[in-house]
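> Here is how the chains run, residue by residue.
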Amino acid sequence: MHFDMQVAWDSLPKLLAGLGNTFTVLVPVLILGLLFAIPVALGRLKPGARSLPATIYVSVFRGVPSLVLLYLIYSGLPQFPIVRDTFLWTFFSNPYFCAWLGLALTHSGFMAEIIRGALAAIPPGTIEAAQTLGLTPRQILFRLRLPMAARYALKAYQNELLIMVKSTSAVSAITIIDLTAAANTVFDYTYDPFTPLLTAAAIYWCITNAIRLGCSAADRKFNRHLVRQ
Amino acid sequence: MPLAGFVQQLGIGALMTIQVAVCAYLLALAIGTMFALATVRPRSLANIVWLPYASIFTGVPSLLVAFLFYYGGSEIVISLMAIVGIKAKVEVTPFAAAVAAIGMVYGAYLADLIRSAIHNVPRGQFEAARVLLIPAPMIWLRVIMPQVLRLALPGMTNMWIVVLKDTALVSLIGLKEIMAYAKLASGVTKEPFIYYLLASAFFLGMTWLTYFVAGNLETWAGQGSRRAKIRGKAHAL
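These protein sequence lines are chains A and B, in that order. In this note's numbering, each residue's number is its place in the first sequence (first place is 1) plus 237. In this note's numbering, each residue's number is its place in the second sequence (first place is 1) plus 1.
If you're looking for bench data, these hints aren't it; they were derived computationally from the structure. Predicted, not measured: the structure shown is a model, and the values here were computed from it. Do not take every clue at face value.
As the list claims (entries may be wrong) - A short list of chain B residues far from chain A (calculated; beta carbon distances all over 10 Å):
hint : residue
1    : Leu27
2    : Ser63
3    : Leu64
4    : Ser117
5    : Ala137
6    : Gln148
7    : Met160
8    : Ile162
9    : Asp167
10   : Leu173
11   : Met180
12   : Leu185
13   : Ser187
Unchecked claim - A few chain A residues facing chain B, derived, Cβ under 7 Å:
hint : residue
14   : Gly313
15   : Leu434
16   : Thr445
Don't be surprised by glycine CBs; every beta carbon is placed ideally from N, CA and C.
Chain B extracted, bound-state conformation (with noise of 0.2 Å):
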């Protein structure tokens, strides 16, 4: 049986995989919305940077940019500051590593997504809102982005379970989570099939929760949408 002071401390590391992976999350979504709005049109000046940093990033395991962000992450930041011309000391914890890294590499897998979200938005809807004289910036906010967003929401729920996911595995470069307490109570107490148990029961609650979670954000985003809705089919469970 599993002793309660270590599952307290399993649930102190589930709280913390959540917290990475929601700050990872948040970080990939702001890249890459950024990058969508900046690429949607082809052959866009902003395609020089995106190009190598979609082909850098979803080319390499994350836990490898991961490794490179925490060992190299306190060098890296001190020559950018030295660019702007800024002298400081910057230590790299795990948590920043590991936040940075997930953040970057999901960052050009929503940005890929968002954008082909927002070019599956109708034309005339752009065409629309200019005929009506909305400035551009309510275009976009008001009128582009709600439907952008449902378009956007099923593929976002599937990233943000791998994002979950990946935290896992980039808690190898020494992150006190979920794996890491697993790992401590399995050494101390040599049961450790039922600490990983729990901490996979922790996963499969979440990605459970998500489904359900998302099921309702897509009902509440595809109101005033005609879309046929299909239940039951557009995910595992």
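Here chain A stands alone, though its shape is the one from the complex (with noise of 0.2 Å):
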């Protein structure tokens, strides 16, 4: 068990092309999940009609792993002609537009139930005062109710924004070269296991942490009127 500089020193550009790939990766899944994700939490929110296939779209893809997801995308949708002999084609066999599709619907259905959680906290007097007040429905959720939900999610947001730093590996599996797969592909000519996999790891330990302290730090300029214990 060693680690070598050496080695870490010669492999970092090429795991910081990975760690390029990741955000490649990471930046449209967050976005494109939380747009996804609005409408499924309203539609949850409220009985009715709507609130069936939002509850389906929530379970089926919080049940299924993200990597499940990825081969069913990449690799199982092209066995349709329809995927494979239309303008579908250019987005499906690009990688990167499945590893996006695949992470963003598993991303989602966590923030579906992140953003109904938090819209479900805010008190009813709030509304109703709002209501009184004469702001219409559209004004009540863009500049209340959201602003307040952004506020109590944050520490779940937090969360599951690990959580998704963390699922990018996954998309090694269908042949994107991430930090994790540059790590491996060091390793695959090195046949040093340390010294790759222990630099992937610290700075995957470095986003983590600048993730948490970011969190902390939204928290403390949102939250500012909350009482600290």
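Dock the two chains into a complex; use the hints.
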């Protein structure tokens, strides 16, 4: 068991390229996941016709591992001629597109629950007050409920964000050389398991802790009106 | 249509997935309980081990940990045994690497969960038990732990599902479980969609089964507690 500084230094460009790919996957997934999640959360909030599909959406995409979804989209869908022979193929032949879609679906399932919980936590009196003041439902949603929900959801969002950063390591299964896969390729030609993997682990550790610090800074800023224990 | 032979193989793989997940979860539970009990008091000496452990294992993807244990595991075990003075050659199987990786990663999460459950047991329970001169091991075993179980159960259920799903990911180190067989069947039959669909059906079925069992478990663990039970709100389904 040893850590070879020379190997670590030499493999750093490869690992950083992998890190770049990790972020290429991560950032669109976070945006897409959030966009998918908001209508689902709103659908699940009110009992009614939209509640059932939203519930199914959440339970399916939270229940299926992201790796299975990635395989299903990247290898499974091209089985159908409609995907392979039409314009859809330009999208589905691209591993990045499949990674964005697959991870965004998983992410949105969890995000929908976080947003729903946060929206449900808003005191009803606040919304009644806004209605009394004559705000339109749209104004109440965008000026009141979503900003308040964002504050409530911050802690849960931090956890989900950390999970997503770590979930991106699954994309190596569909040919994307992310940070984990890059560390593996370095192992393949150096036969040194510790140096590349520990270096990659250190990079992940820095990212997750940067996110933790960023989230607690955001928490201090947005929730500064709350009493600290 | 899926071929019966491949479906049978998928079933064998599914059993393997469950085996890995159960072993990893038990390991995580052992590690989590140990750390939770050791660090129940803030500023305890065990924090010297716990804080770096938690920071490292919650900050790194479990797949990376699994790769590290699989490729470097035998060297790690050999050098650990050399400290004790045993010389032996060890081979690390994908099974052992997967169980160790998932168990150690989720042990860190479960420790946090169990510790906060212990903190949420009302102080009066400890004080009353001490006043009644119940011996300390009995206080923990018969008074505190049943209440901890009730408080920690929803979180432990979610963690079990996360562990089960992570087992699919960790199969990338070469574990012969459901994803590996689904991949094999897809390659041979050129019908990948149906086999991956079957794999996802397995995980969905397991999730639903878990919530069903967990609901009953929570009723059982909640015996004697007065808390109003909210039906169908705690979980996704």
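> For a quick check of understanding: which of the numbered hints are violated here, in increasing order?
2, 3, 8, 9, 10, 11 and 13
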